[in-house]
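Undergrad: Sequence:
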Amino acid sequence: MIRRRHLLAASALPLLGCEPAPAITGGFTGINVARGHALRDLGTPPAPRATRRTQVVIAGAGVAGLAAARALRLRGIEDFVLLELEDDAGGNARGAAVGGIACPQGAHYLPLPGADAHEVQDLLEEFGLRRRVSGRWQYDELSLCHSPQERLFFRGAWQEGLLPLAGVGADTLAQYRRFAAQVDALAHASRFCIPALRAPFTAQHAALDAQTADAWLRAQGLTDVHLRWYLDYCCRDDYGAGLQRVSAWACIHYFASRHGFRAPQASATPEDLGAQGGADTENDAVLTWPEGNAWLTRRLAAPLGERLHTGHSVLRIRTERHGVAVDTLRHADGSVVRWQAAQCIVALPAFVAARVIEQPPAWLVDIARNLAYAPWLVANLHLAAPLQDRPGAAPAWDNVVYGEPGGGLGYVDARHQSLDPRPGPTVLSYYRALGDLPGARQQLLTQPWGHWRDAILAALAAPHPDLAQRLTRMDITRYGHAMAIPQPGTLRRLRQLSTAITDARGAQTANVRSGRLHFAHADWSGYSIFEEAFTRGHAAGGAV
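Numbering (mature numbering (1 follows the signal peptide of the UniProt record, and there is no 0)), first residue to last: -23 to -1, 1 to 521.
Simulated from the structure, these hints should not be mistaken for laboratory data. Possibly wrong hints are sitting among the right ones.
Stated by the list, open to error - Pair ranges (Cβ atoms, derived): (1) Gln317 / Leu422: 56 to 62 Å; (2) Pro23 / Pro338: 23 to 29 Å; (3) Ile54 / Thr28: 34 to 40 Å; (4) Glu118 / Ala438: 31 to 37 Å; (5) Ala(-1) / Arg168: 17 to 23 Å; (6) Ala187 / Glu103: 18 to 24 Å.
For each residue, glycine too, the CB sits at the ideal point set by N, CA and C.
Model the full assembly from the supplied sequences, consistent with the hints where possible.
TA: Set out below in structure tokens:
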């Protein structure tokens, strides 16, 4: 159960329409900030009150930790425990319900995996989401995102697709085509794939990794404001920060590892532009559910039973002569429990791993020191009735406002996947990436709920002036260190590490290890998406 730490009194808002605004309740939920800071605030951990033994300890029950647990079970290893500081497993891919309507608290979709992500493909087959019919792969139609998939509020109206097209000039369209050609050329010259480790690190990759996306675009003469807004949005969506912070490699990887970048054809008419902007192709297809990727993590956690221990903060991991000792703070009673095991899978962010491991290896300290993390905010807005819509494209699953300040990424509608055609209450899950804002993490943790409520209402006022009248509740989840930002040099540093750490045959491996410790987290890929975290966890579980 998600426990709410704060429930703030309802308060009236400034009118955004002609009707009086109803009382809006809500609070912070999903993440227990005090538990996350337990190690910092506790000082020297007390002596353990109890000692337990198991074969393998998995520290961290995010996507990587859950994947590691599944990999152990696939190998017939059932004697393990999975330790998680929150009350639910899933990490950034958990979900909740607001007003009885399921909604995500973090990641909300999974692109159809490519051939390099075969571990994820196997998982989807196991869950009945993918099957081979007449020699071709088919995905569960109920889980594929229903059409229309996405739209953009641009110049006072909604347009299909997220690339700004309505009324843009010939110079803008020409820059779209130039960028598309650049992505295509780079993808042909050097391989880009997900998981990223399965592509060789070429000199071209190194050159892109050495500079910001902003610097690379300017060097190419790609300065159009609409192109740069769209690319900045894409980088913030996957990496938590924009063009001035992420590397050029990360910006190109976003497109070249998936479906490329499609620009309107030179012969396109104004009518064609709208259709091209909203084209839903097989390559763009994603899997999504009302609760987001919690649909996946809950199924990964379901078979674990008593092996999953929530409400446990890892305080210390120590390698001993014949095994590993992991001390945890059990928040239910404040006691410290020591787990002794033969091996430990450290499915924690690198900066946490470097802090809790006694005498951490130098390369772990170096990675932790040089990785930057983006804070995120996810707000679930319960609406008593559907919103009035602006002109243009019909309501979609993903709805984005052009030029929204403050790191906003728009919202998804929890009822979009419903087959019930009757209008009714719904939940909008709104996302804000704060990796570009100075002091964002401090603001995220210190500003009251009302501050964020008002900021979100203001951000959505242009497309939805009646939002305050329809809104009944807003639950906000805060992630102080949501994801690693692939800044310039991040890929090079991680690739040097993966080259130095090889498997028994001397081949490059997705498993990062040090003696009895196996490291499994998306941090080791330098950016955070489901496929990277799952592959890292699966590799660690297989290596044990």
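Undergrad: For each hint, tell me whether it holds in the structure or not.
TA: The hints, checked one at a time:
| no. | hint | verdict |
| --- | --- | --- |
| 1 | Gln317 / Leu422: 56 to 62 Å | violated (35 Å) |
| 2 | Pro23 / Pro338: 23 to 29 Å | holds (27 Å) |
| 3 | Ile54 / Thr28: 34 to 40 Å | violated (21 Å) |
| 4 | Glu118 / Ala438: 31 to 37 Å | holds (36 Å) |
| 5 | Ala(-1) / Arg168: 17 to 23 Å | violated (55 Å) |
| 6 | Ala187 / Glu103: 18 to 24 Å | violated (40 Å) |
In terms of the numbered hints stated before, the structure departs from hints 1, 3, 5, 6, listed from lowest to highest.
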